[in-house]
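2 protein chains.
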Amino acid sequence: MKNRLTILTLFLIFIASFRLSAQELRKEVTWQEIDGVTVPIPPQVHPRLYLRSADVPALKERLKTPQAQKTLAAIKALGRDRTPEEEAAEPDHAYRYYHRMRGVTSRAELQALDYLVNGNKRQARRAITSMLDTLKTTNFGTKGDLSRASGAMLMVGAMVYDWCYDQMKESEKQAYIKEFIRIAGTMECGYPPRDNQPIAGHPSEWMIMRDMLSAGIAIYDEYPDMYNHVVKMMFKDYIPVRNYFYAGHNYHQGTSYVTVRFSNDLFGQWILDRMGTGPIYDSAQQFVLYDLIYRRRPDGQVLPAGDVTPPKRDARAAYTLPAMLASSYFKDEYLAYEFERNPDLQQQGGEVLDHCLIFDLLWRDYDLKAKAPDDLPLTRFSGTPFGWMIARTGWGANSVIVEMKINEQFVGNHQHMDGGSFQIYYKGPLAIDAGAYGGSSGGYNSPHNKNFFKRTIAHNSLLVYDPDEKFACWNYGGGDKTEYADNDGGQRMPGDRWQTCNVFSELLSPEYTMGKTLAHGFGPDINVPEYSYLKGDITQAYTQKVKEVKRSFVFLNLKNEQVPAALIVFDKVVSSNPDFKKYWLLHSIEEPAVNGNTFTVTRTKNGDTGMLQNSVLLPEADDAHIETVGGPGKEFWVFGTNYANDALPSRPDPANERGAWRVEVSPAKPAAENYFLNVIQVADNTCKQLNDVKRLDGERTVGVQIADRIVTFSKNSKPLAGRFSIKAEGNGTMKFVITDLKPGNWQIKKDGKIFIPGTEVKSDDGLLSFEGTAGVYEFRR
Amino acid sequence: MKNRLTILTLFLIFIASFRLSAQELRKEVTWQEIDGVTVPIPPQVHPRLYLRSADVPALKERLKTPQAQKTLAAIKALGRDRTPEEEAAEPDHAYRYYHRMRGVTSRAELQALDYLVNGNKRQARRAITSMLDTLKTTNFGTKGDLSRASGAMLMVGAMVYDWCYDQMKESEKQAYIKEFIRIAGTMECGYPPRDNQPIAGHPSEWMIMRDMLSAGIAIYDEYPDMYNHVVKMMFKDYIPVRNYFYAGHNYHQGTSYVTVRFSNDLFGQWILDRMGTGPIYDSAQQFVLYDLIYRRRPDGQVLPAGDVTPPKRDARAAYTLPAMLASSYFKDEYLAYEFERNPDLQQQGGEVLDHCLIFDLLWRDYDLKAKAPDDLPLTRFSGTPFGWMIARTGWGANSVIVEMKINEQFVGNHQHMDGGSFQIYYKGPLAIDAGAYGGSSGGYNSPHNKNFFKRTIAHNSLLVYDPDEKFACWNYGGGDKTEYADNDGGQRMPGDRWQTCNVFSELLSPEYTMGKTLAHGFGPDINVPEYSYLKGDITQAYTQKVKEVKRSFVFLNLKNEQVPAALIVFDKVVSSNPDFKKYWLLHSIEEPAVNGNTFTVTRTKNGDTGMLQNSVLLPEADDAHIETVGGPGKEFWVFGTNYANDALPSRPDPANERGAWRVEVSPAKPAAENYFLNVIQVADNTCKQLNDVKRLDGERTVGVQIADRIVTFSKNSKPLAGRFSIKAEGNGTMKFVITDLKPGNWQIKKDGKIFIPGTEVKSDDGLLSFEGTAGVYEFRR
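Sequence order for the protein chains is A and B. Quick note: the first sequence uses my numbering, first residue 5, plus one each step. Quick note: the second sequence uses my numbering, first residue 5, plus one each step.
No wet-lab data here; the hints were simulated from the structure. All figures in this text were calculated on a predicted structure; none of them were measured in a lab. There could be a bad hint or two in this list.
If chains are identical, the list can't say which one is meant, so a pair holds when it fits in one copy or spans any two.
Claimed, not checked - With a cut-off of at most 27 Å between alpha-carbon atoms, the simulated DSSO-like pairs for lysine-lysine come out as follows:
1. Lys766 with Lys746
2. Lys638 with Lys673
3. Lys64 with Lys373
4. Lys673 with Lys731
5. Lys375 with Lys754
6. Lys520 with Lys746
7. Lys173 with Lys373
8. Lys140 with Lys80
Required output: the full structure, derived from the provided sequences and hints.
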């Protein structure tokens, strides 16, 4: 009995010590200063790439699960050679080449894994030799994103190197290292890697943060230089600027590039954490992808942002890879739900994920329960450096989704000059981001891209047209360089002749400052807000052709089935020259119908059935020029030139989401200072009766009355203090949103009597919301 | 019939035109630039002082009302000569002299009024000659606040001059002007007036803003200089700095000086508005006196601030004059209630009001209905430049009242170096501002005033004692100048050797910046808050002897009869030298009792029955040195010297509210960085059982558990982002206040499950409040 107890005790101690040592192993990474940057140093053990030896027993168990077996089978399937038909189906030659090589790399991964987990030396040998042969013949060329294919070869090579380390001959190690350096040298960043695009661009993808980092960790004992280069770049430049962005809980490269960009931020996090460093990024990283949750449309697509090709509509927009990496790392149930959205999950396909299946096997949290976003607040604000808000009326099929953007610090690259823009989705895309990245003339720096798609003119924002303005764009990058882009009347191209921001300190400088969020807030119930408010100053987004541009958005959830929501947009635009014409834009897929001071945009095709109706309350009726622009040959019209871009069979755009029309509202009379006040209601396109919309003119305020709501703004957009009154007419109880208030203590009288004895206006939103009946409301601060 | 209609029409037109002309008259004031300052120019008509001719008909009607008759009778009563006994009863010789003259001035006022309203020329003549005789003999001397008496002569002389203008001979006008200039020259500011104290000091009282302004308006046609001097000073210096203060809805000269200082701000407002300018100040002026509403104790006194003599307790602290001027000007019902608090209102006595009765007659809104503060929010925050908060549990007899102060921009003069201090009142003053302005050794710049009363050591704040620190104070003003004041270990004396701030731009400079409010908020219901939170950085209030001083207050309304409230005070104090001893202070009237790491302050006399008990949670028990200081001969102890100040018969202090004791909490071991965490509960002194108080130590937080509340702070006082957890034990639902959070989107998990999917922390308060049961709460930003 005593013996048995002792054995049990020893066993428990053994188990405990094993668990302890797993923790200890994680911690044995030391940190050193290299050239003034403190970086982690790889531990002197293998494996250390993607996992540590302490992780192996759990991995072995894990491989027995049905989920892992499925993934293993998928990798195995990739391990076969490709048919000529499959080869031909891939239009990108680098990827065609890479796919051809995927057979051998997939096999090598499985072989290395077999040795890692089961100690199968024969498999190790196979992996070592086949991968070395492959590396020696690897040659994707040196242009731009071909680096992605080169990098994947480094990654698999590194895996073999690290996992089969003790089975490699010294000469093989040296041969691997030689090939790693050679291949790295063919990549866009070169070798030693240039640290010249740490914020956006191809080096901010796989090549630095996954591939060269992986190879560097594998070969560190024999050749520390590669790791040292990469890790120094990361800790000096990549991580600080990303932590700055993460604090805003969003990303700057658009909905298409989030996969290749943000995924690799997560790769850096995973790789170094698994090496033993613990988290290297601010944990705000967890919430970056929440943006996708909020921009998810009922049809499975997302409201687009940045350089993006319109969706195929039959497939859901899947963010499988970043959602897997983020949800598993942060144990985030809502992101697990985003991961599970991938309709291809069963067959484990999806272009991006192919070369990442091994990470699904290694890192994905199989036990994490997905959670639908149903209990998330319906409005979400992304603060500095973004100033973006998405407001929804629900998560179901008939949700209204509105995006509102200010833009504060601007990166460029795949980011658009869209400060002040909005999008509206209800039973189809109604107010859209126009243009497309794919198509007959899409692509980076193409005429369509640089003259229209990226520019303010393609967004629901404001133009101020100085006929003499020049848009120098020589440094924008890509293949189709020109000295100038067309004059769209829009926002400036920051940096020297439109250069993507590559230095964190410059990002914070006036050059890359495009605006400032002045106020934001939603309520009264933050989970189901009746109002969602965003105001920004976007003066700095323009050149000196403007003196002041401020835009306020108030999105109203009207809680009404017929007319579920309205978006109020109030603008102050002061140009430096009264003759510079101002344009208020709203882009659409179908042709808008103008009727007096209102216009209507309807969706009638592709199963979409929504519509919006906009009432132009300012400029005054006699000063408001409302014009439609678009249709065949003028879809992407830039003051005299159409920058055409048609859908291609390989990139279909069934619902023509790139758009073909816009409405331009302009003041007819020249003036330096102009105001726009627009009220956009959404409804089903069968709706016969929308709400009356009334402008409320006060001495110091201008406002809107619609349904049971009253919303006011400061007439000149400056914060209101002192005293002012508004007069509300109408029946029953109305809901008031009074914006542009100076923070502090306020008192409200109604019809001369104390109505709200004292309340405090916050600096974040600068507003008061309350309910009341008709009367004269006097506000005193 | 037709005729009758015509007559009626004509009559209506006449009435309408009359009303119109009253408005027009108000508006005919023109504005001109004098030396770069735009100022209003008096209209070329009389009367224009205190009213215009359009106001006369209404005044005539008004004089018939019982209220006006009472006031008229009071002025008439003052018009008799004083008895020798009355003369002897006035200790201040200037005021004795003035009171002697009050007979003739009161008579002159009534005579001038009789001419103004009834055209009684004989009365005008009497007023003109008697007032001229009086002016010629007026000689109050030239010292300091004797200007107040001189100024009152200007005021009455101006009234006679303006109201009886067309009855005056040219020679009389010249004689008046000569005397006005002569008397003005005897005033502290001299003539032409020196514009050297536009923020605080005697010129910021009657002499500029009421008296010289009044005389200047009266004689403007014949002698514009006096008006031009004054109005330029006002519009250049006085008004801008006051508007800056008013935005914070408070005043900087303490509860005693609000009457002579703020009343005169209101006089300037009334006088110029009545002349026809409309409001000259920001309407935030209305809310300055709300501070008094909030600091009102159930016994009718107010929580003291600044240079103030403890109350007589049998009389209510009356702010009759400013409350009349402000409530009538702004039509403010709550301030009308403050006006009606004056117990002397029936007999129209009160020293201050004597010479202002005429304004009650002219300006007071007899129709304004007073409103008790019962429906005002129980907590009030005064923002920049103050950073002050008062939180109450109610408006009734058993209310707890807590004052919390940060101090941002510091004026000086009657303001105290009390950044970070607090006061607590419950059934008597418990934690008090110690010292007194009146008394055997009070008064401006007296030893008691400069070494103790004004200094941090006399307040419930923090000392950091550098034995070598010197407090140079030569420029503080007043009669008892010394080169240095004693070293109290407290906050610095701003300005060159402690000079009151006299320049607006300097007020905003680092020299006069004593701190910064970092966060404030109260809720969840702002009308009856459960928590009231204020945090500030008061590092700048000290010299370089400290590196960092931050204080957080959380006042909890426990909604419990036995223990109605608690105040949590959390401090971070970093000294530049670990040997500088730190002191956490709490002043009291009666002797505190120390018991382990708690101490108790009880009120047992003068009808007071409250007590407080403080639990010292930091410093740790083994490092907390808790000492009582005070008692006979040590009441106002400053490291070795007692700066005594006993109550005088003329200024009794029946409850000894100047205090006699304090508790000093100090870390025993020398350290640069120290934290204080104190939890002060209040109860009736018969209460046997207070709440248990528990410190909650988290990895990144420190907190307090008391009753059903959990309050946490960032351990190092820096904003929390990323992730952290707190563990809450206990039964039932608890109310959490989690402070020191970085603004933005947060998510809370409880025991590993989503608890709050998403919520937004505001920048104003940086906190989350919610309810929940025991468990581990994880916060993620």
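To see whether the hints hold, each was checked on the structure:
In this assembly of identical chains, the alpha carbons of Lys766 and Lys746 lie at most 27 Å apart whether taken from the same copy (8 Å) or from different copies (16 Å). In this homomeric assembly, Lys638 and Lys673 come within 27 Å of each other (Cα to Cα) only inside a single copy, at 26 Å, whereas the closest approach across copies is 79 Å. In this assembly of identical chains, the alpha carbons of Lys64 and Lys373 lie at most 27 Å apart only when taken from the same copy (22 Å versus 82 Å across copies). For a Cα distance limit of 27 Å, the shortest separation of Lys673 from Lys731 qualifies neither inside one copy, at 30 Å, nor across copies, at 65 Å.
In the homo-oligomer, the alpha carbons of Lys375 and Lys754 lie at most 27 Å apart only across protomers (15 Å), although the nearest pairing inside one protomer, at 46 Å, exceeds that limit. In this assembly of identical chains, the alpha carbons of Lys520 and Lys746 lie at most 27 Å apart whether taken from the same copy (17 Å) or from different copies (19 Å). Within a single copy, Lys173 and Lys373 get their C-alpha atoms no closer than 44 Å, and across copies no closer than 98 Å, so neither meets the 27 Å cut-off. Taking identical chains as interchangeable, the C-alpha atoms of Lys140 and Lys80 lie at most 27 Å apart only when both belong to the same chain, with a minimum of 23 Å there against 114 Å between chains.
Taken one by one, the earlier hints fail for this structure at numbers 4 and 7, listed in ascending order.
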